[in-house]
Amino acid sequence: MFYYYIFTLVASWMYFFSRKAGYYILLLGVPLFLLNLPTTGLDYDYYKESYDNATFIGTFPFFESMSSLTAEPLYVWYTSAISVISQLEFPAFLALNFIFSTFLFSFALSKFPSDLKKYFFLFILPIIIPTLFYFSPRSSISFAFILIGFFKLCHDRKNLGILFLFIGFSFHTQYFLIGLYILVLYFLSSKKDLLNINNIVLMNFVLALLLFLFLHFISFFENIVATVFSFLPSASVALAKLHYVSDEDGGSGGFRLTALLSVLIYPAILFYLLRTIKLHNYPINTKFLFCLVGVVFFGIAVNIAFIGEPHVAGRLSRFSDYFCMGFLIPYVLYVNKHYLSIKVISLVMCLLTPILFKTLYIGAFEIF
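Counting in numbering that gives the first Met the number 0, the sequence shown runs from 0 upward without gaps.
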């Protein structure tokens, strides 16, 4: 990871001179690293085992794998199909998965300026890309599909939005809660006569408060949640993971440092955006704004509800956390025309990542 760390600095620095050059260096460099990074052990080996053991069968769904990996059937089918058809090694699959997800991310952001798309990839480079595409590939393509679903709903493409949300949490059940929450946001945002900024904040505050209460007392609703999960395509995996949320000691104890971003930093950035919209009468899609506020408030509710259980909080708020880091920060700076600040902040993020995320950047931290 030391060399990947250097790569993030080079790519980030290139954005100062040419956004296009930095962007293409990023897109070319990440697959090369995924091809050559060594095994991390643990989850990496489980994913590799599932991929390597893929076989073709004569009946639907035609591809399967036998391994010790606990994963959703759609993810196992996806990796098995690529393994059998392509005959590529697992690192090559990781690179291919990144390339495919890049197209999905670009599709999700197709309604926004191309520069914002370039900044999105820059802001997910130091932390999100290695986490999703190297350490936890099951979370990568699912994150991309949820992101598409979110933006499609924001632009009133209801059927497409629901379809992509469904695909997303079918790949990884940890996105089920945020997928359901985004649907609630979408239907509430249809009340356009109520959607001024004050009402948007108030409605989302009430909704987040209800979510917090539900999560805090979820042990009382365990049977109901289990019944809902039983209807999912990945029911067996969802039910197996339910105890992490419902048990008081379901996750590792301690405080999650990155929860500070979700509870303090991202909301502050959001309110800076709301202030800009109010002061300058900035034109914005109110449905998009409502859902944007909702996703940020979702992260607050989850991280406070599970403040002593970082494992659970990190999994349930993954979309919110990564959405805010990859999209919210550059979007707010872009709207306010702080173009230089975007590049400076991204470079600082890359510099500090091995200090703030020591377990992610194994080896890179040793240079300090």
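Hints may contain errors.
Stated by the list, open to error - Quick list of in silico lysine-lysine cross-link-like pairs, DSSO-like style, CA-CA up to 30 Å:
| # | residue 1 | residue 2 |
| --- | --- | --- |
| 1 | Lys-110 | Lys-277 |
| 2 | Lys-157 | Lys-277 |
| 3 | Lys-191 | Lys-116 |
| 4 | Lys-277 | Lys-191 |
| 5 | Lys-110 | Lys-286 |
| 6 | Lys-190 | Lys-47 |
These aren't lab readings, by the way, just hints derived from the structure by calculation.
Next pair to validate is Lys-157 with Lys-277; report whether the Cα-Cα distance is within 30 Å.
Holds, because 28 Å separates the two Cα atoms, which is no more than 30 Å.
query = Has the given pair, Lys-190 with Lys-47, been kept, meaning a C-alpha gap of at most 30 Å?
reply = With a Cα-Cα distance of about 47 Å, the restraint between Lys-190 and Lys-47 is violated, given a limit of 30 Å.
30 Å Cα cutoff - pair Lys-110, Lys-286:
14 Å, holds
Query raised in the report: Between Lys-191 and Lys-116, does the CA-CA distance stay at or below 30 Å?
Result: OK: Lys-191 and Lys-116 at ~28 Å, within 30 Å.
- Message: Lys-277 and Lys-191 were given as a pair; does the straight-line alpha-carbon distance stay at or below 30 Å?
- Response: 17 Å, holds
**Message:** So if I understand the rule, the pair passes when the alpha-carbon distance is 30 Å or less; does Lys-110 with Lys-277 pass?
**Reply:** 23 Å, holds
Checked against the numbered hints above, the structure breaks only hint 6 and satisfies the rest.
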